[in-house]
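A.B. asks: Chain by chain, the residues run as shown.
Protein chains: 2
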Amino acid sequence: MPVGTLASVKGVPQEVLEELGVQILLGNTYHLYLRPGIEQVKKLGGLHRFMSWRRAILTDSGGFQVFSLNDLRKVTEEGVTFRSHLDGSSHFFSPENAMRAQIGLGADIIMAFDECTEYPADRERVRASMELTLRWAARSKSYFEDHKNDVPWHDHVGPDAPVREGERQLAGGAAHEAAELGSAGRTRASAPTYSTQALFGIVQGGMDLALRRESAERTIEIGFPGYAIGGLSVGEPRAVTREVVEATIEHLPADKPRYLMGVGTPEEIVEYANLGIDMTDCVLPTRAARHGLLFTSEGRVSIKQAQYAGDEGPLDPACRCRVCSRYSRAYLRHLYASNEVLAQVLNTVHNLSFYLDTMRAVRHSISLGKGPGFLSEVWSRAKP
Amino acid sequence: MPVGTLASVKGVPQEVLEELGVQILLGNTYHLYLRPGIEQVKKLGGLHRFMSWRRAILTDSGGFQVFSLNDLRKVTEEGVTFRSHLDGSSHFFSPENAMRAQIGLGADIIMAFDECTEYPADRERVRASMELTLRWAARSKSYFEDHKNDVPWHDHVGPDAPVREGERQLAGGAAHEAAELGSAGRTRASAPTYSTQALFGIVQGGMDLALRRESAERTIEIGFPGYAIGGLSVGEPRAVTREVVEATIEHLPADKPRYLMGVGTPEEIVEYANLGIDMTDCVLPTRAARHGLLFTSEGRVSIKQAQYAGDEGPLDPACRCRVCSRYSRAYLRHLYASNEVLAQVLNTVHNLSFYLDTMRAVRHSISLGKGPGFLSEVWSRAKP
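These protein sequences, in sequence, are chains A and B.
Mind the numbering: the first sequence is residues 793 to 1176 in the working numbering, read in order.
Mind the numbering: the second sequence is residues 793 to 1176 in the working numbering, read in order.
Hints may contain errors.
Given that identical chains are not distinguished, each listed pair holds provided it fits within a single copy or across any two copies.
Said to hold, decoys possible - Cut-off 27 Å, straight-line C-alpha distance, at most; resulting in silico cross-link-like pairs (BS3-like, lysine-lysine):
1. 834 to 802
2. 835 to 1096
3. 834 to 933
4. 802 to 835
5. 933 to 802
Hints are computed from structural coordinates only; laboratory data are not their basis.
Values in this document were obtained by computation on a predicted structure and should not be read as measured data.
Build the full structure now, drawing on both the sequences and the hints.
C.D. replies: So, in structure tokens, the structure goes:
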């Protein structure tokens, strides 16, 4: 999932995201809560309609963002008081109002409000944090069950409305595409059976494998249509990340989406897909693009380097995106060195294309029954 | 002509410019001379190939840009010594090396090196400046005639090369489009008769109508395939601009392109087209877009205003550009208020679309034999 923090994947129009084959975007509840505000988005028919995006959206709960504020927050049993990074104003997120916010935004998939445990942390701290996340998960689900029909598009089943096919669409983009294609002729008579969002639970437990197992089992007891692994990529070594993912995923049901939050490089997403992860999100392809770091089939390219100033070749000879089809490394290097806005735009389009191609290759490999294992070799060769 | 200072119309990929119907872009020699450098562009086959733009390009001479540096320049008979706005390094532009630079860039239309007279200036100063521009025009032409075959694409008549149809293509985009469409099957046997750039002269003379007439007549004596009116939009009242344009254009041949440099608003370009101006360039549509000022058929929209936060309507209901077809004023306002890069991209696409639609309406009106006069009424009603 490309990250569209403020209802925009930075620099890339929605029609280009569609052309790239993006099936689902991530939006950040914390940022959208501050700007333009939940009530505003809700009044405008929800996030899909607001940003003109008919495909799927997932919103995070705001928990991770709020926990990133460090000194600007205070956690209690009830929730988290925090200060806006924009103007210092004071706000409060609880499981209930994080759900209210995400219902107001109206994404297809929303996330339980959790505490992202800091790293490193001792065992008692990790257990206490995990227990808090479990209580918040139950409160998130309870609030959601009572209010799931408040979603802005709930009663809006016209041809302009984003189409909901419920959980079935969420596990596979193809089904969603089909639903989207069918929307023009949709009538009330054929309205979807499901018309609520899907609330996913989040497994915590720090780097402690026993606590991860306990968190997984007790989150499953609460019961969600999909499960995320949170609290990783918070500074731990990559070998530890992998170990925790392996130890957690075996306790998550294989017939429900398994979502690894905030990961990672192209090699990592292939590696985790190989372990059974169905979904990931990461700012890396878009943020790296803005800093001139580009992912290619020949390895990383830091486009700012002088060696590219006279390079007439495409950024990635194996890539068929609109950037590699048209522009040279020399031109991309010039745009970056000259601080041209188009550098951000083109670099982001290419990196997203590379990530989406990677996931298409993974899906193709799975569909052939080979498993994505062989891709790991491809990517390990591609490492700089 | 949209302005693509550094080989990019800020934020807009070339394929979108093509979709908008842009027939010709302006590049700034001064900026390209500093970054990426003339030799670099020349080695890469010229500006068209470097930026992957097969349609027409005009480069200015660098004169206006250098004169904008104020304290950083020194003018002599020989040329102008100036300091880079980037690193303070010292450089020298003369008619000869401004031609050398523009031949190296390889635009379809290049401009004589002139002195843009400051405003206000007394009559003696204006005359002296005009005389200098005339001597520089003769030197520009002389250097160009001796070196016009040094253009990077001169001997390159493969299917990848931008096609040159010489002066015939320059006066009309349709002819150029036809030339472009015909390029795939082109062979050496059918290589164009003309394969040089077109060097335009520039009329100066400040706000003095007699000097403008003299400058026009003596520039025509030197002889160019097109003539520009320079030295306007330098701080003088709009009524004076109009008076000077009217007094100058009557002395320019109607069968050659007449180019008014650095003008203006949509109303102004219609007004000047009505007087006989064939070409204009201005940073206004692109720069205003980046500051949230949008041109619409209903007048100016300052998209940052809070009144648009809940406005679900399109930016301009009469516009069919990809922005107005898809996004709401509320979304555009949010992007701008949140400082999202996409705001620059979408706002620029719309403003360019509005300008190009305006010029299409002007051409249509001319083709109907009505003259563009009635459009002035349309735009005067549209003024805020």
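A.B. asks: Are the hints correct? Go through all of them and say.
C.D. replies: Hints, verified against the model:
1. 834 to 802: within (22 Å within a copy, 33 Å between copies)
2. 835 to 1096: between (43 Å within a copy, 19 Å between copies)
3. 834 to 933: within (21 Å within a copy, 64 Å between copies)
4. 802 to 835: This pair counts as within: shortest intra-copy Cα distance 24 Å, inter-copy 33 Å.
5. 933 to 802: neither (32 Å within a copy, 47 Å between copies)
Hint compliance for this structure: hint 5 is the single one not met.
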